[in-house]
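J.: So the chains spell out like this:
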Amino acid sequence: MRIVYRLFSGLRALLRKDRDELELDDELRAFLEADIDARMQSGMTRNDATRAARAHIGSLEAVKDHTRDAGWESRLENVWRDVRFAVRGLRRFPGFAAVAILTLALGIGANSAVFSVVNGLLLRALPVTAPERLAMISTQHSVNEGYGAGWSFAMWDQFHQRAQLFDGAIAWTYLPQRFDLADTGESEPADGLFVSGEFFAELGVPAFVGRTFLPEEDALDKAHEHVAVISYGFWQRRFGGAPDAIGRKMLVNRAPVTIIGVMPPEFLGPEIGRAFEIAIPIGSAPVILNEPTWAKPEGRSYLAVMLRLKAGQSRDAAAALLRGMYRQIVEAAMPRNGIWGVVQDDMMKDPIVLTPASAGTSELRRQYSQPLLTVLAIAAAVLLVACVNIANLLLARATARQQELQVRLAIGASRWRILQQMLVESLLLSGLGASLGLAVAAWGSRTLVAQLSTWFDRIVLDVSLDWRVVAFTATVAIATGVLFGMAPAITTFELARHGGGRSAIGSRSTDSRRAVVLRGGLLAAQVALSLVLVVAAGLFVRTFQKLGEVPLGFDSDRVLVVSVNASRSTVDAANRSGSYAQLVEAVRAIPGVTHAAASIHTPMNRGVTFVGDFRSVSGRDLPLTERRSIVNVVTPGWFETYGAAIKAGRLIQDFDTKSTPPVVVVNEAFAQKFFGTPSVVGKYIAPEIRGDVDPPQPTLIVGVVGNSVDQSLRYEAVPAVYQPLAQFSRPIPMTEFSLSIRAASGSPAALTRSVSAALTAVDRNLAFSFHLLADQVRGARNQERLVAWLSGFFGVLALLLAAIGLYGVTSYIVARRQTEIGIRVALGAQRADVVRVSVGHTAVVTAIGVVVGLGAAAIMTRYLKALLFGITPLDATTFVTASAVLATVALLTCYFPARRAARIDPMIALRSE
Amino acid sequence: MAPSDKQSGLVQGTLDMLILKTLALEPMHGYGIGVRLDQISRGIFQVNAGSLFPAFRRLERDGLIKAEWRTTDNNRRAKYYALTAAGRARLARATRDWETQAAAIARILRASPGEI
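Just so you know, the protein sequences line up as chains A and B, in that order.
Residue numbering for the first sequence follows numbering that gives the first Met the number 0, beginning at 0 and increasing consecutively.
Residue numbering for the second sequence follows numbering that gives the first Met the number 0, beginning at 0 and increasing consecutively.
With the rest of the complex left out, here is chain B (with noise of 0.2 Å):
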């Protein structure tokens, strides 16, 4: 993969799943979801082009999201991409997978010796 992903530690599938809920909250083009990323993960998450738009590819080819070419506020176009109802399904299974998973590592990491 790209040594941008190394840089943010992000694994390909959990990045798949930043960008779809990034979508579910509205559409929007491909430097907008990189600037929402930014902001939302409070300047954790820096992702940038080379990681971005194979990821693109990757969930619409998978029909998770759907693109059309729109204008944007500055006169400019721009591919503006949107959940399908797959993808808000899909979000809502990761989501609920990796809430699990997280707990169950969190209460690993907590446990005292005595536990394990």
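Chain A with its partners taken away, still in its complex shape (with noise of 0.2 Å):
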């Protein structure tokens, strides 16, 4: 109470402030006039009383000064005088102050940028309702693995039905779905997500226009119409915003879908980083895709789950709830026999896993964590050098201030008053600083998100300011603050603690020895900090160089890949083949056209790879983990297409077909890792398949080909086969395949139509969208070259600094030591002489700072052996270049301090002590 009651009266007074000051005044003289009557009484005259009262009482100004001191308001007072004479000094030097406040600015604004991204991606919590009790069910192995787990339909009914358990259940699809919006021919591609019917209303996201699904919207066997909710912006790129798009139908996938709703703006998915622009409820699914067996238990439904768990209840309490009944959840969602024996037993051996749910699942998440968790611990780097920067230039003018300080002390201020001013002034530059900050902030981190989108992932992260955003560049604003006001405060300190009795007042300071050491400290921890992060820069700059150079096995320059998806086709399953066959006919005969392939499977697509395990006859006896392969499924000219290096052998031909023995390619990989020789032609290998009941007959390996890669440049030697499109046993189910096609010459980007008009030709109910594989080869190395650009970018801001530094220190040394140097050169020094001295100093420091760094760098880029590929965390050529960059750097910088001091006129410096 006491407090409310001093803050109340505090703020009074400062409303009140020369009314009180006149009152005191009063006050005093009353005082002193009591004392004066009081003395005369006693017998003293007017003027011997007058002046022992006054000598009492003592100085005026002392006490008026000590009863201001007495409430909390004052101290703000001295605070805001500071803080105004701190802008006094800035403008006073208004080089120094911008250098100074744009280089916070930057290391600020940096810092805050890549904050804000790791904000968005992995601390913000979604825009739902009480996002702390929602809980993904995910498996261990999946846990273990690293990602989310995937459910089918018939076990997402299951658990749906038991969702009374607690407070209800949503599902999505797993993967981003492409819808196809167009009518015919080319795609209009919309990323979309499946729901399940509570989606919305579990969640607590309300429609922002029109309303979100009823439960009975969301039921498998549908004869009548379809609905969609759609996002805020696509409703605003497509209809403009129009309320009048409620109601109207527009085509997902040729099926006519009515929209009853659009999404909030800042709901953005169940997923951190990828924005869907249509949800349309689960049990349209089968329709949509043209997929009638999906929800079935052999369907390609793979949906993630998630609670949300009553108020109280706890992710472990309901994980053992559900653990309780699997067994009942398993066997009532799938039959038992043949294959499905031996899933549900694999089932029963992964126990469910209820993960925390609140900030969305995230495949960006993963993907991207560690990496941009380094970019933050570099840019907190730079920001220490700039910090470093700052402190250097605020010591060498504390030096300069000498002269004012003692000034203060001797009337009487106190260390810590001086002290606080010194604080205020740092805080004012960097508080300056990251106001600037958070405008590059804003900025860079839509910068990064952009560059993290590649064309397959259209990223969306929500990185605006938030609290969490401005709290942090408010913390690091202060520690910045307190850290480079550091080195002149304590300098001020020992100052005051002499009490200054070493240079009277009125002759030029000189530099103490222990300042000296202190500044040549802090620039060679300053050139070594930069040097860590230029080597860093140059890791990763190599890396991604290397990544660069890895060999692909097939020219990525030509080929254009085309993704059809047939569902709608009238063929049916046991006559695709030959339809795929048609169509890779009817693109060969384009002029421009050198080879055309179809196939199940192209590098780098992003997608799902279809693996296989097999079992080699006569070859090495492999242990059942590792007989692993892909497995791909081509026609012939796919290798042509491709530029596939032949080794061994032939490729697969035309006459393999379904009457000739099956035969199948394999690559130097798969030879080496069954059979341990690349001579493999000729011999056998079976595919094993876990619960077929008819063991499949052997096929012959007819040719070999070169490695090639298959998703991620890292890993080049993946064992990979082949088997002709023909031969395939089964009845096709894929609805989805690729054509490859190689241009004879230019960019296979030309063809686009050409094909588009041929494909339509012989299907009308195709879909298909066009990519060129160069552009899928490029996104392989995006993360790569995100890391290096903005470490790059770091080492270069590093190297700046470390530049501005030097440049700073040898400037000042050399004015410092002006009249030293003119003495030298009246007594004969020669140029050289002269250059030692300026520059000595700062050479040798130099030095310390780049064995320092490259020690430290050793030891830290041990961290981040992940991130490199082709190189070593200790690689040669990096070292040496960055330290010979530094060198050069460092040279540079003192060639005009040192030129100057060459040039200095002995009788000139003499005069101007």
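Keep in mind the hints are simulated off the structure, nothing from the lab.
Nothing here was measured: the structure is a model prediction, and the numbers come from that model.
Positions of the beta carbon are idealized from the N, C-alpha and C atoms, including for glycine.
Careful: at least some of the hints might be erroneous.
What the hints assert, rightly or not - Restraint ranges, calculated between C-beta atoms of paired labels, are given here:
| # | chain 1 | residue 1 | chain 2 | residue 2 | range |
| --- | --- | --- | --- | --- | --- |
| 1 | A | G57 | B | L24 | 25 to 33 Å |
| 2 | B | V34 | A | R512 | 26 to 34 Å |
| 3 | A | R18 | B | A91 | 27 to 35 Å |
| 4 | A | R87 | B | R106 | 54 to 62 Å |
| 5 | B | A91 | A | L121 | 57 to 65 Å |
| 6 | A | R18 | B | V34 | 52 to 60 Å |
| 7 | A | R83 | B | V34 | 39 to 47 Å |
| 8 | B | A23 | A | R18 | 39 to 47 Å |
Using the supplied hints, reconstruct the complex from the two chains, each of which is provided in its own coordinate frame.
T.: Printed below as a string of structure tokens:
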């Protein structure tokens, strides 16, 4: 209570300051008068009494000062006065102020920018109700492997039926869906999701316009119309934000869908980083995807399931509940016969785990969290360099202000008061830098997110400034202010302690040995830090380069990849391979096309890769877990289209049909892994499919091709098996396949129109989209490109700061030692001696910094091992180059002050004393 | 704090308590309070303006005393301080605490070797 009272009376005092001053004056005068009267009464004369009273009361100003300090508001006034003083100080040296504030803006801004992205990706909660009560249903294995678990529709249905054990359950398709909005031919893609009926209701996301789904609209066997909820962005882009968009029909994968609502602008989806534009109930999936068996156990449904826990229900309790019922759930979801028995057993071995979902699930997070945090560490290091820089500059200024300091001490300032003022100055600098830095951060974070996008992932992250970013920036600003304010503060303290007896007021102050060592130490630290950053940047740039030099095993420049979706085609499964062959023929006939082929899978398509287990006949006996290989099903001409090198035997030809013996082509990695030798033509392998009743017949290897990159550039030698499409024994269930087309010359992009026409001519119901293989390959290096770019930027920044620091200190030294240099020259010193005097200190400091920096870099780069490729963390080239760069920079910055020193005219120097 | 505090050996809180007590007897102005403190303590506590005025402001800020301008006997204007209800309560509590502490300290100081 007292505190509140004190607060208010202080505030009132601030408002009545002038009146209180006058009143205090009156009161003191009255006090004096009373004293004089008392003394006169005891017999003194008025003059004597007055003198005695005055002497007794002491300095009136001192009394007033102490009285003013009694209230808390005086401390506030002191701070305000210090701020005004600091501002005046900065205005007198605008150059220094500009450099310092700009440096801080860049340093703090960079940190805030990276933190914004980290915030948007890792920390921010989804804009849903009570996100802390949400949990994903996952399995132990998935958690160990680091990805989210996907459930079949049947499993989701079982979970859904038990939703009343919790506060609700929702599901959505784990993989982003590409919906085609076109009515024929080339696709018009939109990102979409299938969601369960209560998706929006459970998450507490209201419709911005219109409404969201009713539970009955999520029903499997829907004969009636399908509905969709669209995103705010999609609504703006496609319908211009018109309210009559509600109720309109549009085609999604050729099926008519009615729009019933629009999502609020801040809700982007259950997945951080990915925005979806169209949400359709799960029940409509079999129709929209044209897969009648989608919801059956053998279908391709792959759903993420999220629970809302009851208030007070812990994740462990809920997981235990589910585990208890797991057997029932699994047995109800799938039949027991054949392969399903094995699947059920596998599932029972992998217990259910509930993972927190409050920040949404995210593939993006998994991929980028380590690189982002590394970049944040780098940004922090750059900021440190900036701080050291400014500390050095402030130190130099502090030495020049010794005189002012001594005067203040002489008239009674306490050490703390002076310290307070220095702190206010530092905080003012960092505060101004941080404010500017927020603008830098806003721009920088958006640029960063834009860089994260590739052709496949259209990354959408909310990186707007929220309280966490502002708090982070403020904390960083205060920390840096205190950090670089410490150096001059310590010097001041020293000075104050000695009472300023060293140099009398009016003479030139000299640098104490301690100040010189401190400054030199700071400079060396700066050089060391910059070296570490340049080394890190060099390592990342070389990694990026090395990845680019990985032999792809195919020609990327000439190939156009067409992703074809034949789900609406009227051709039935048995005849599909024939129709695909027809399409290949149609495309081959186009002028400008040298080769074309169809396949289930293309390199770097970011999609699902088919894998299989194999057993070699008379080859190596491999353990059960190491029999995996990639499987691709291709038409003849596929290898020629990609320019894959044939190493032995032959490639798949037209005469490999259903009626001829089954053959395969393998790559060198497969031969090596399964047989231990590259010459495997004529040997046999057999696929292993668990749970299959008839053992499959062994297949002959007729050719060996060179290795090629499949998805990641980091894994070159992945074993692969290529089967002819014509010999594929099962009816082809896949309605999506790829056409790869090789252009004779020029960019394959020129062929899109003719290919489009050719495909549509064969089958009107096909939907397809085009990608250049070259783009896909470039996208594979995206993460490394980003890290190289960022670390390069920071490395250059650090180098710049170090150069500024070196230049500043060297200039300062030359200016300080002008007299000394003048005398030396007058006494006959040569140019070389002069240069040595002026630059020697800097040279030594730089050398020490480089050595320390190399040591520090050697220790720290070890932590970057996972991000590097093709080089060791102690890569000699990088280290040597970085040192050379730093030495050159140091040399260059010293050049100008050294030149100035060499030109000093002794007469002028001596007279300027 | 002002050097005069060190001379009279008074801690800030103690001075406040003594001023409150002085005002409990009757309201008076600043000089008078100083004189009264000197008189009652028989010359031990000679507090000067540099300590008194900050103390007045503190106490006023905390709402323990209130002030008004009045004319003295000598026909001069002076600022008179008086206790508020809160001030009276604080004085009572402070007096109690002080007496408890003083008794305890006295017991310790007088204790013979075997008791501690």
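J.: Could you say whether the range 54 to 62 Å given as a hint is met by the Cβ separation of R87(A) and R106(B)?
T.: Taking Cβ atoms as reference, R87(A) and R106(B) lie about 60 Å apart, which means the hint holds.
J.: Okay, R18(A) versus V34(B) on CB: inside 52 to 60 Å?
T.: violated (28 Å)
J.: Taking 57 to 65 Å as the hint, is the beta-carbon distance of A91(B) and L121(A) inside that range?
T.: Given range 57 to 65 Å: holds, Cβ gap about 58 Å.
J.: Lying within 25 to 33 Å: is that true of the beta-carbon distance G57(A) to L24(B)?
T.: holds (28 Å)
J.: Are R18(A) and A91(B) spaced within 27 to 35 Å by their CB atoms?
T.: holds (33 Å)
J.: Does the Cβ-Cβ separation between A23(B) and R18(A) fall within 39 to 47 Å?
T.: violated (29 Å)
J.: Quick check: does the Cβ-Cβ distance between R83(A) and V34(B) fall within 39 to 47 Å?
T.: holds (42 Å)
J.: A range of 26 to 34 Å was offered for this pair. Does it hold for the Cβ distance of V34(B) and R512(A)?
T.: Roughly 57 Å apart at Cβ, these two residues miss the hinted range, so it is violated.
Consistency with the previously given hints fails for numbers 2, 6 and 8, ordered from lowest to highest.
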